[in-house]
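Peer 1: Model the full structure from these sequences, guided by the hints.
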Amino acid sequence: MVSKKPKVVIIGAGMAGLTAASKLYTTAGCKDLLDLCVVEGGNRIGGRINTSEFGGDRIEMGATWIHGIAGSPVYKIAQDINSLQSEQPWECMDGLLETEAITVAEDGYVLDSSFVEPISNLFNELMNISQRKLVTDNEIPKLSNVMSIGSFLRRGLDTYWDEHEHEHEFKGLDKRRKRRSLEQGIFAMFESIQRTYTSANDLEILDFNAEKEYCMFPGEEITIARGYLSVIESLASVLPPGLIQLGRKVTKIEWQPDDSLEIENGNNKPPVKLHFANGTIMYADHVIVTVSLGVLKQGIREDCGMFNPPLASFKTEAITRLGFGVVNKVFLKLTPTPDGIKFPYLQMVFHNESEQNPKIPWWMRRTANLCPIYDNSNVLISWFVGKEALEVESLGDEEIIDGFSKTISSFLINSHSDDAESMFKVEKVLKSQWGNDPLFLGSYSYVAIDSSGDDLDAMAEPLPKKTSIHSNISPPPLQILFAGEATHRTHYSTTHGAYFSGIREADRLLQHYHCIDI
Numbered sequence: 001m002v003s004k005k006p007k008v009v010i011i012g013a014g015m016a017g018l019t020a021a022s023k024l025y026t027t028a029g030c031k032d033l034l035d036l037c038v039v040e041g042g043n044r045i046g047g048r049i050n051t052s053e054f055g056g057d058r059i060e061m062g063a064t065w066i067h068g069i070a071g072s073p074v075y076k077i078a079q080d081i082n083s084l085q086s087e088q089p090w091e092c093m094d095g096l097l098e099t100e101a102i103t104v105a106e107d108g109y110v111l112d113s114s115f116v117e118p119i120s121n122l123f124n125e126l127m128n129i130s131q132r133k134l135v136t137d138n139e140i141p142k143l144s145n146v147m148s149i150g151s152f153l154r155r156g157l158d159t160y161w162d163e164h165e166h167e168h169e170f171k172g173l174d175k176r177r178k179r180r181s182l183e184q185g186i187f188a189m190f191e192s193i194q195r196t197y198t199s200a201n202d203l204e205i206l207d208f209n210a211e212k213e214y215c216m217f218p219g220e221e222i223t224i225a226r227g228y229l230s231v232i233e234s235l236a237s238v239l240p241p242g243l244i245q246l247g248r249k250v251t252k253i254e255w256q257p258d259d260s261l262e263i264e265n266g267n268n269k270p271p272v273k274l275h276f277a278n279g280t281i282m283y284a285d286h287v288i289v290t291v292s293l294g295v296l297k298q299g300i301r302e303d304c305g306m307f308n309p310p311l312a313s314f315k316t317e318a319i320t321r322l323g324f325g326v327v328n329k330v331f332l333k334l335t336p337t338p339d340g341i342k343f344p345y346l347q348m349v350f351h352n353e354s355e356q357n358p359k360i361p362w363w364m365r366r367t368a369n370l371c372p373i374y375d376n377s378n379v380l381i382s383w384f385v386g387k388e389a390l391e392v393e394s395l396g397d398e399e400i401i402d403g404f405s406k407t408i409s410s411f412l413i414n415s416h417s418d419d420a421e422s423m424f425k426v427e428k429v430l431k432s433q434w435g436n437d438p439l440f441l442g443s444y445s446y447v448a449i450d451s452s453g454d455d456l457d458a459m460a461e462p463l464p465k466k467t468s469i470h471s472n473i474s475p476p477p478l479q480i481l482f483a484g485e486a487t488h489r490t491h492y493s494t495t496h497g498a499y500f501s502g503i504r505e506a507d508r509l510l511q512h513y514h515c516i517d518i
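Residue numbers are given in full-length UniProt numbering: position 489 of the sequence shown equals residue 489, and the series is strictly consecutive.
None of these hints come from the bench; they were simulated from the model. One should not assume that every hint holds.
In the PhoX-like style, the derived pairs of lysine-lysine whose C-alpha atoms are separated by at most 25 Å in a straight line are [claimed, not checked]:
no.	residue 1	residue 2
1	Lys-249	Lys-273
2	Lys-333	Lys-252
3	Lys-342	Lys-428
4	Lys-269	Lys-359
5	Lys-273	Lys-425
6	Lys-273	Lys-431
7	Lys-5	Lys-387
8	Lys-359	Lys-425
9	Lys-31	Lys-297
10	Lys-466	Lys-252
11	Lys-273	Lys-252
12	Lys-406	Lys-428
13	Lys-5	Lys-466
14	Lys-4	Lys-273
15	Lys-333	Lys-273
16	Lys-212	Lys-249
17	Lys-252	Lys-297
18	Lys-7	Lys-466
19	Lys-249	Lys-297
20	Lys-269	Lys-76
Peer 2: Encoded structure:
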C-alpha cells in the first residue's frame, strides 16, 4: 500500500507564504515528498504588497521601500529580475532626497533651514541613541524609568530646551509666537514621520527597550521601479499552476494538541482540519499560518474562534501584547499647473491648539509630508497613521479633497502669488484601506509597552509544543507553524522580515522530513 504524501497547506499568498512555498517546492526532492498548496482569501497574490497605477504612474498601495540594500533578500531578488529600472514613471520618492524640500508653518511662513536643522539633528540623534545596544549616562540625562520611545523623545526635547533656555522671537512671525512653540511643532513633525515607520498610533505606546533589537540593513533605502509586486510574482513563478488557490478564505483551524486523532474508514485523518468561508473543508498534516497579526488578534477572540481548540496561552498572550497599527497612503492627482510651477516637497509644521487654522481638519494634523511621488509628477502622496488613518478610510473622496485643498491653501499661501488652492487643484484621489480590510485589519506590527522581543519569538513557535520524552501523550508534530513579519524578532514590520520567516518555517519542515540539515 502506497502511503500518502504529507499535506502542507500555507495560509496566505503574501511575502511569507510565497517564500515558504517557493523554498519547499524548489528544494531538491521535496516536491515529490510533500503535497503542497497555498490558499489565499483574496482575489490576488501579494498580501500587504499591492502595486497599482494612478494618474498613469506606478504606485504602491502597501509596502514601498527596500529598507537598506546590503544584505536584503528583497533587493537581491529585485536586482536579479531587473526590477530596479523602469521606463514607466513610478513612486520613486526622489523628492525625499532633494535639498529643495521646504518646511512651512501652518500659516504659510517658510522656516529657514538654520531653524529646522537643529531640531532635525536633535531628533535623529535621539533616535540613534534609542537604537544603540549600550547608552552612556552622559548621552541623555534622566534615562531611568523610560518606558516608551515617546517619553524618551520628549525628555530629550526638554533637556535640549534646558540647555538653550534663551528664547527668541522668530523673525517675520507674530511676536507672541515663541521660538519654543515652533520648535515643538517641528519636533512633532518628525514624531509624525516616525509614526509612519512604526505604525503606532502614538509613540508613547512604543516600547523603548525593544527599539535596540530592531535591525536595519546598511545602504540606501530605495523603491522598486517595476513595482514590489514583481518580487512576489518572481517567487510565485516557480510554483505550478493550481498550487495557489485564490478566494479560499479560512474561517476555522481545528488541530490536535493531544493524541486523539479523527478516524475515518479505519484510517487516521491528518491532524489539522481547515474550514473555508464557502463551507468546504481540507485536511492537512502541517499548516503554515501567515495571516497578519491583526487577523490573529481578531481570531483569538471568543466570539471568533478561529482556532479550535484555542491556541496555547503563551501564544495568545504574545498576540495580545504585541502592537499592530494602521498606516494608509492617500494619492492626489492634480490638474495641470502652469509651466514652471510644480508642487514642492512640503514638510508641514502644525501649530498648537490655540493658534490652529480651523479650516484644516483634525485628521490632517499629524501628517508630516505632502509631496510628488517623483520630481515633476502631478500625483502627490501623504501618509496617515493610527486613528487618522482609520478616519481617512471612512471619508468620501470629496471630503478628502476638501481637507487637502484647505491644507494646501493654508501652507502655501505665502509661497505663491496666486491662490494656492486654485493653482494646485485636486481632481482625483486614491487611498489605501488596510485597517478595515478583513484580510489584514492593519498594516504592520510593533513592540508595544509591556511586550518584548520574547513575544516575537513566541509568535514563531510552532504548535503543539514538543512534549517531554517521558510523556505518554505524543500528538503529531508541527501541526500549526507561524510565519509573517510579526514573527521575526529583529526584522518585524518589514517585507524582508516576512521573507526570512517564510524561509525559517520552510526549513523547519524540510529538517523534519530530513530534506536538509540545519
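Peer 1: What hints, given by number in increasing order, does this structure fail?
Peer 2: 2, 4, 5, 6, 7, 9, 15, 16 and 20
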